[in-house]
Amino acid sequence: MKRRDFLKSTGIIAGAGVVIPGVYGSVYAKTSYINNSFDLVAIKGGEPDAMFDESIKQLGGMSSFVKKNQTVVIKPNIGWDASPERGANTHPKLVKRVIEQCYNAGAKEVYVFDHTCDDWRKCYTNSGIEKAVSDAKGKMVPGNSESYYQDVEIKAGKSLKKAKVHELILQSDVFINIPILKNHGSTKVSLSMKNLMGAVWDRRFWHSNDLSQCIADYAAFNKKPSLNIVDGYYVMKRNGPRGVSVDDVVLMKSQILSTDIVSADSASAKIFGVEPSDISHIKIANSMGLGKMDLNSLNIKRITL
Amino acid sequence: MRQSNFRLLRIIISILFFIPTTYILIDFYGLVPGDVKKWILFLQFTPSVLNFITIGTLSITGFIIILALTFLFGRVYCSSVCPLGVLQDIINYFSKKIKKRKKKFIFVKENKLLRYSLLALTIIPIFFGINTFLVLLDPYSLYGRIAGNFALPILAFSNNGVAYILEQFNNYSVYPHDIQKFNIVPFAIVFSFFGLIAYLSFKHGRLYCNTICPVGTLLGIISKYSLFKIRIKEEECLSCGACARDCKAECIDSRTKIIDTSRCIACFDCIPSCPTEGITFSLKSSASSSDDSINNSKRNFLTKTSIYLLSLSAIGASVQKKIKITKPSTIPVFKENAVSPPGSFSLDKFNGKCTACHLCVTACPTQVLQPSFLEYGFTGMLQPHLDNSAGYCNFDCTICSDVCPTGAIIPITRNDKHLAQIGIAKFIKENCVVHTQKTDCGACSEHCPTKAVHMIPYEVKGLVIPEVREEYCIGCGACEFACPTIPYKSIYIEGNSIHKTAKKNVEEKKLEKVNMDEDFPF
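So the sequence lines, in the order shown, correspond to chains U and F.
Take this note's numbering: the last position of the first sequence gets the number 1281, and nothing is skipped along the way.
Take this note's numbering: the last position of the second sequence gets the number 1498, and nothing is skipped along the way.
One chain only, chain U, in its complex shape (with noise of 0.2 Å):
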């Protein structure tokens, strides 16, 4: 039962957080905290660790985002037991150096997990991930057991009104989500609402009650990312989300940076060479409120290293 007071608890904490924000405000991180005027960063021409030491400072450094003594829970795409360059998994590199500034931002434990498609521990052992994360001091976490999933309800959701959520993301202070950004066979590319598809349970419910809706509708799902790290450095430009071979692959060394899950994937789109309103999830999660597609309404911030 002690999942089900967490919830409830963390329900009047929350509750009471807006009653009194001073008082309570810190437990749970929001993006209303941020301080900072771009609503997107977008960075390229570096190494995926140094790239991210810049984007971020951009958006107020990682403590805008990480509080001390919170917990974390990283989320990138270790769904397919490839290598790094393979670019099917978000790069170990950039993993390694979120955590790191999570703990620099005195956060108390940042955990790591994905809901794999190939064998989890290959997943992670080959994705160069799990070292990563042990290196950094950052737990990495098992995703392949129903046990981990809590049932959850999401209200605004159309074709999804219920899902089984990973208990760290429930738990956690801060969510962060660490997308690769790459070819998808049907959705034509994977990017941040895609990648939330690792947090859940089911997926087969997603493909078989219209994808691109179940897609937007998760993003409406209320405890959304504090902030979406979109890796742009191994571009896989086809044969996505697994790819063949390294033949599927450019050298894009690029990132995008927002706390706007649509507005992130919107930009990301257009660095992969696909405009955002021919993707349908993109362009759903826009009408439904969830964020902005159109990205001429927003300061960004642009650097090239």
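Wrong hints could be hidden among the right ones.
Derived pair list, reagent style EDC-like, types lysine to aspartate or glutamate, alpha-carbon separation capped at 20 Å [stated by the list, open to error]:
1) U/Lys1098 with F/Asp1011
2) U/Lys1246 with F/Asp1493
3) U/Lys1140 with F/Asp1154
What the hints contain is simulated information worked out from the structure, not anything from laboratory work.
Chain U is already provided as a structure; the job is to place chain F on it using the hints.
Below, chain F without anything else, positioned relative to chain U:
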């Protein structure tokens, strides 16, 4: 060493074999590397013989060593190396504890007809590629199944308990092991055999080993002529019957002072039981054993049984054609052939060599390997097949071929595995989400490691639907596993009865480099 210590020595050696063998059979963590597993199983008789027939290397010496040891010392394989034998000793040990009074055995006459006909039923059909009786009766494989079906769930349950407790403290160092599928019929078969063996050992010690077990009978023939034997010293023997009461093979007739060495499993329990040291394990030759010439009735029996078995396999083949994999629905899926693991080359070869020890079933990280019921027909019952409702074959994984002790799955390199076509994906458009609901899906193509399943434009604008390029497909089943349609799949694997080699997907050229100096596109 005093002869009364032989028993203790035997117990120590048994434990040294039993614990590692049991562990590797339930090692779902994959802690023990495949080649170490093979070495632990090196002396297991049946896998070694089968592996010798298949590849004739490495494992060649395993069974030869056992044969030599048997010729020297009798059935030490049965007493110490065979895990099923040791399991029976354990059951027997507890049966003594349960029955308050010390358990006593009595001499039982040999059932020659049963022993030798079971041996013949096991061996002869192997020459015709049928190993049904071997699968059912081979002691190592029987034990493997018992461990996999009973010990593994206990281990998994305890592991999951620990994982759950640690999880409450946000410690995720132990992860739960979810058993993907429960196969009721194979489980029931294993359960009945386990029940039978437990009952026999509870009541009659090693009755399974010296009357039913084909390996026991075969080694028994040799042990009749072994150099060292348990012998009764006429001059010391009081005919008190103490040895017979402790003989769990029930092969000592203290009244006539004769030991049936073909049934003796070399446990040495009788030596310390003798009050006068009237029983020894010695080299000295004694009177020759009974007459064993083969008579005509036996010969007839053997011919008949082999014909019977051949007809059984024909029935098996016809059943194979009619297996319905999924529940009834608008377009049910029918599979003509089951899918055997990469490295097994063909269903016939695989079915003829696999003894269903389930070592690979436990080792398979995705749990796609499941014991069959009728997927291979009667003759392949319990042998593992790829069951894509439970998982799929991970592209870069070769664990099953690394661990297989019998040569049913031959070691295969990762590169060969990438092209080993064990089956081919078949797409049923009428069941597909894209066709029935006019929405995106593509789960099959997403999971396909070779992109044999790719997405092509569909009749509704903006939508794409799967297409299978069969030449690239290796039959791993990732598409079938990922396909969300219920109750039947829209894409499934049809097994290749003879495995083929897929074409490498190299149609696409290397992509052009990106110009890093360009501006952001927004």
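Taking only the CA atoms, is the gap from U/Lys1140 to F/Asp1154 under or equal to 20 Å? holds, 17 Å
Decide if the proposed pair is consistent with the structure: U/Lys1246 and F/Asp1493, CA atoms, cutoff 20 Å inclusive. Holds - the C-alpha atoms of F/Asp1493 and U/Lys1246 are around 16 Å apart, at most 20 Å.
Hinted pair, alpha-carbon criterion (20 Å max): U/Lys1098, F/Asp1011. Please report holds or violated. With Cα atoms ~19 Å apart, U/Lys1098 and F/Asp1011 stay inside 20 Å; holds.
No hint from the list above goes unmet by this structure.
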